[in-house]
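Participant: Model the full structure from these sequences, guided by the hints.
4 protein chains.
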Amino acid sequence: MSQFQVRTDLALETREKFEEDNVEIKGVRVEEEFRQEHDIKITTMVIETENGAKAMGKPRGTYITMEAENMDCQDEDYHREISLELAKLVRKLLPDQKEPLSVLVAGLGNREVTPDALGPRVVDNLLITRHVLKEFGKYAFGEEEVHAVSGIVPGVMAQTGMESQEIIRGVIEETSPDVMIAIDALAARSTRRLSRTIQITDTGINPGSGVGNHRHGLSKETVGIPVIAIGVPTVVDAATIVSDTMQTLIHAMEENSHLSALSTGLNALNDMEKYELIRELLSPQLNTMFVTPKDIDESIKRLSYTLSEGLNIAFA
Amino acid sequence: MSQFQVRTDLALETREKFEEDNVEIKGVRVEEEFRQEHDIKITTMVIETENGAKAMGKPRGTYITMEAENMDCQDEDYHREISLELAKLVRKLLPDQKEPLSVLVAGLGNREVTPDALGPRVVDNLLITRHVLKEFGKYAFGEEEVHAVSGIVPGVMAQTGMESQEIIRGVIEETSPDVMIAIDALAARSTRRLSRTIQITDTGINPGSGVGNHRHGLSKETVGIPVIAIGVPTVVDAATIVSDTMQTLIHAMEENSHLSALSTGLNALNDMEKYELIRELLSPQLNTMFVTPKDIDESIKRLSYTLSEGLNIAFA
Amino acid sequence: MSQFQVRTDLALETREKFEEDNVEIKGVRVEEEFRQEHDIKITTMVIETENGAKAMGKPRGTYITMEAENMDCQDEDYHREISLELAKLVRKLLPDQKEPLSVLVAGLGNREVTPDALGPRVVDNLLITRHVLKEFGKYAFGEEEVHAVSGIVPGVMAQTGMESQEIIRGVIEETSPDVMIAIDALAARSTRRLSRTIQITDTGINPGSGVGNHRHGLSKETVGIPVIAIGVPTVVDAATIVSDTMQTLIHAMEENSHLSALSTGLNALNDMEKYELIRELLSPQLNTMFVTPKDIDESIKRLSYTLSEGLNIAFA
Amino acid sequence: MSQFQVRTDLALETREKFEEDNVEIKGVRVEEEFRQEHDIKITTMVIETENGAKAMGKPRGTYITMEAENMDCQDEDYHREISLELAKLVRKLLPDQKEPLSVLVAGLGNREVTPDALGPRVVDNLLITRHVLKEFGKYAFGEEEVHAVSGIVPGVMAQTGMESQEIIRGVIEETSPDVMIAIDALAARSTRRLSRTIQITDTGINPGSGVGNHRHGLSKETVGIPVIAIGVPTVVDAATIVSDTMQTLIHAMEENSHLSALSTGLNALNDMEKYELIRELLSPQLNTMFVTPKDIDESIKRLSYTLSEGLNIAFA
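Residue numbers (the working numbering), protein chains in the order written: chain A, 12 to 327; chain B, 12 to 327; chain C, 12 to 327; chain D, 12 to 327.
These aren't lab readings, by the way, just hints derived from the structure by calculation. Since this is a predicted model, take the numbers as computed values, not measurements. Among these hints, one or two may not hold up.
[Said to hold, decoys possible] Here's a subset of chain A near chain C, in silico, CB distances under 10 Å, partners left out:
hint, residue
1, V41
2, D88
3, V134
4, L144
5, V164
6, G166
7, E184
Note that the Cβ used here is the ideal one computed from N, Cα and C, for glycine as well.
Facilitator: Right, here's the structure in full:
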């Protein structure tokens, strides 16, 4: 039953769902690290086989997740640590190429909807260098090796009439970067993860992910160059939160001893009937809604700064 | 059981809840009108007695609600009709005073959180006249009677360290307006109402209302001059949507014939036990979250324009 | 001497400069109309020959200028008239093509610098239809002929590291519009013209024009499809205003009878010496500065609305 | 003649003007320091007597100016140094009071006009603490002494219909801070100083200063508590730049040997005639215009961050 209405853009949560349901997935390798001094947990998940990819509903590749309880707090020094860690992880996922690189950073999402503004606001704070290098050469920076960084905020379809993918493909064709970094706000399953998790993957953006839920995919297959995606969950789908709670309610009824009569009744329903019961109750309007914290503006401000710092360090 | 976690800033929905529960409320008079040509429904509710006020959990006074299915559509002519109607309703609630009036419009809420930005953005589009009248007199406008309109966007506590109430009281003390219009984004119970309903009341802003849920009250008692509040629901509290759906689920189980065993089981629970069951399932984090449509940016843009037009017409 | 430091993006002003200097230009045809009821002056200038183009420093083509004293006033009905007129002029310059058209509107300039934000803000208020047509077909609009409108805000080089031209070429390659409309804030020579003039031309954007002064050209030659440019002057170059005033001063000295000694002295200088005199006084920093009205925010707000209305009417 | 059209909000420049004209001012004490390692020059000017105040056209008090060539460059470490220095200077000017203090920071100016947005954007990045202290007490911060910081962005008259002074007086009356810090963008005489100078004064805001040129004064006399004003010049008045250049031109003519005939002619004019000559040439429209750098958006972004950091350090 758990496949119903549970949408998450985090590979970590997809895997957790399997664990909840006691399903084993093959072809997925997982490693966990804990940086005690900064209270950061790093999970590296590699989907190694096509079967693993099918089971996970996500393409083969590496998914690194940084989790930190304090990521949503107002502490500049701590955010510096996260930026440094992020820079390391991004560089780890970069394809082996001769350096310096030409990097296009795409800030996906809708600047006008607070939890979806992460991508655009990361690009606002980036150190953009491509135009200076083109005009003055690397000596403008007094260093041996300078990466050329460019940035684009493609906007959303209601604003442009175009897919982000169309705009980005065009820009790549014209400016020929070596690699693209795509920044996006994500949907999680659990409210507990919002603004406290960063996912970095070398598989790019999956079709259908993001806050607005209408993204076409952005990957080497669709844009022609390697795409590293960096995402932070900032919303939970309204349908997900409601269906999740209802399942918890049903589960509680089944477990709860002083509700034994209920338990009997529900056991009489098969999974399909439970599914139907919930589907009837879920208003179709919920599919166009999301859940987000009331102070999301402060999280987005902090996170966008932390992410752009990470990229500025990675490509300095 | 229905009083649990169901928060709404709409008097209309508070009353509907009583009807659902088959509770009759005394001291509340209701009139409904339907403007067929523009598909606008207007409900006027007058809380006439202290008992009515206590039952409704809202102060005595008049609550007018405009409902229109198409309020959330992109049709300028239609929005003009709503602005005209709004202007009439606002003028109807104005205290009897010698005109021209000096009017302070306060745009409450957080400009940085999209569904809470309604108030600030209404003030952005207002025709502000007070300073011109003060400098050049009414002849600057070539008319007999010109109202003096001023506007303030007090911001939210995390931005200013101050209550909106403190800022507004100070501004009123210094500039002595005759009446205040407070614009605010509201929380509804039903997602169906979001961006399609306008509530106008002469009771001001209730403590605890609004998207951010931390407003102190703004009324004649607290700021010293009559306060007309204009609100549009743009969010549903996450706790409300979840608890509401769970209650519907339980209700469905109780009603549903092929779930009769369940029915028996649930009937064995009294209201308090059901309440406890839900409370356990509701994560406390939900109280800091709201549900809002993915295209809320477009609704806020349109609505803020429609509301400022309404006020510009009312005080032209 | 007048060619010195006098930069203007308005063909009208280039021609005036020739008239000031009593120079006749061949190959340029001019027609003037006056719409008395709305106090709008329309000048159509056609640069017909290569010699005319060389003399004017602008490519061959049609330059239409709307001038209206009240364009900078707060009167919605009047702005409606300007929008209607603009729609007519834009349609007049459209290439003969089978309709409906696919139109890309590019909002050039820097959203973060008020007088340069015109282009981006025009796109903010456009009726974008391309994505709806692509998904639902023209019947979504219940009309026979619906133009597909898309919009792009390419940003400026300091923000993206890329030329607007690069981004726009890429977008055109991917989405194949029939025609492009480029909106841009312009530099005028005279402060009197700021926010009161609209120039519409079928020659596109000239290299070096605009507030930021770094635009590459955007024309059929460089982007592959016809480009209609719509511009409004919002700044005067600081070097232009200073050198213009100094020339007026020198001119006044030469003319002024009670300054006859001066006159003699200045007459002793040839044009080259006067040029050198001014050049020495002009700080090189002035070339990175512009002059703009203190209330430019209000002008940009109104004008961007008037221009997007014009385009919405033209492509409805 | 030099008093004509030369407006500056910098006490430093007022004094320089006197030096240019070889006028000695009494009652003004000046000290200069140079922090070589950070290339920062600090000038402390104390207007000690009423005569000094009259001569300077500024009230008695202390004016500290920080000048640094690199203040307008993109170097975070360097900006940290400036923030630290600013914090020291602000604390130096604070009145002797028992600590911890309650501090109101007012961000003056117009958020919608880039060079005037400095004040509002400084408040955006402040660490606001008053509401936390009020709710949880100083132990929320785990420190002995915590200052209560609140912030207000009063907006400009065209947006609110009210004077900044009215709003601020009201806020002070309601919230009783011990001291106010007013942040404002200033007009300089020299373009060379733009974005490279910070003026800190214990005399508050002078009437008529600022980019918009319409400020009423904000000082202990008008708002009832000590006011420390922090300003950065971001514009030059258009009339100032033009009249200044014309005076330089006339001066050059008088000095220049190969223009001796001119020299004779101009010497025949007395100062009043020269004044009239310039006044005639200065278009009245220039008084409503300012000159600002094309990349003012980047300067404002950096400077607002540097100033808020300085205040965050001063009141941590």
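Participant: All the hints need checking, so say for each whether the structure fits it.
Facilitator: Quick rundown of the hints versus the structure:
1. For V41/A, the shortest C-beta to C-beta distance to chain C is roughly 37 Å, which exceeds 10 Å, and the interface hint is violated.
2. Interface hint at D88/A: violated, since its Cβ lies 29 Å from the closest Cβ of chain C, which is beyond the 10 Å cut-off.
3. Of the supplied interface hints, the one on V134/A holds, with its beta-carbon coming within about 8 Å of a beta-carbon of chain C, less than 10 Å.
4. For L144/A, the shortest C-beta to C-beta distance to chain C is roughly 9 Å, which falls under 10 Å, so the interface hint holds.
5. The beta carbon of V164/A comes within 7 Å of a beta carbon in chain C, closer than 10 Å, and the hint placing it at the interface holds.
6. For G166/A, the suggested interface contact is upheld, since its CB lies about 7 Å from the closest CB of chain C, less than 10 Å.
7. For E184/A, the shortest C-beta to C-beta distance to chain C is roughly 5 Å, which falls under 10 Å, so the interface hint holds.
Hint violations for this structure: numbers 1, 2, all remaining hints satisfied.
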